[in-house]
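From just these sequences and the hints, can you work out the full model?
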Amino acid sequence: MNNFFIAPIVLALSACATTTTGPLPAGNNTYVISRQAGAFPSGKEPLLAEALVEANAQCSSMSKTMKVVTVTENMQPIGNFPKATVVFSCE
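With the first letter of the sequence shown counted as 1, position 60 gets the number 134 in my numbering; the numbers rise by one all the way through.
No lab work stands behind these hints: they were computed from the structure.
Think of the CB as a built atom: it goes at the ideal place given N, C-alpha and C, for glycine as much as any other residue.
Hints are all accurate, no fakes.
Using C-beta positions, here's what the derived DEER-type ranges look like:
#1 Met136 with Thr95: 12 to 22 Å
#2 Asn102 with Val145: 17 to 27 Å
#3 Gly101 with Ser135: 15 to 25 Å
#4 Gly112 with Glu165: 32 to 42 Å
#5 Ser137 with Gly112: 26 to 36 Å
#6 Ala123 with Asn154: 18 to 28 Å
Here it is as structure tokens:
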């Protein structure tokens with residue numbers, strides 16, 4: 075009976091989490107990384123900052139410097155979850 079109540083709570087909490095996609099290769103020394111807010115965004119999630127930190131970590135792990143190619147931010151939670159996408163290269 076306890077599992078009957080626990081499963082929906084776990085599913086609801088997992089839907090609230092911020093998800094990361096990437097870094098994914100997008101060409102010669104170029105990568106894409108996205109951060110998306112969960113089900114109940116406040117509009118104040120540091121999605122872009124977190125994506126940039128992850129991008130920098132990717133390049134640092136290769137002893138290279140990150141260079142931002144493009145940044146896309148969708149912070150309008152109505153009809154879509156807030157999301158930040160960074161395309162970057164490691165030089």
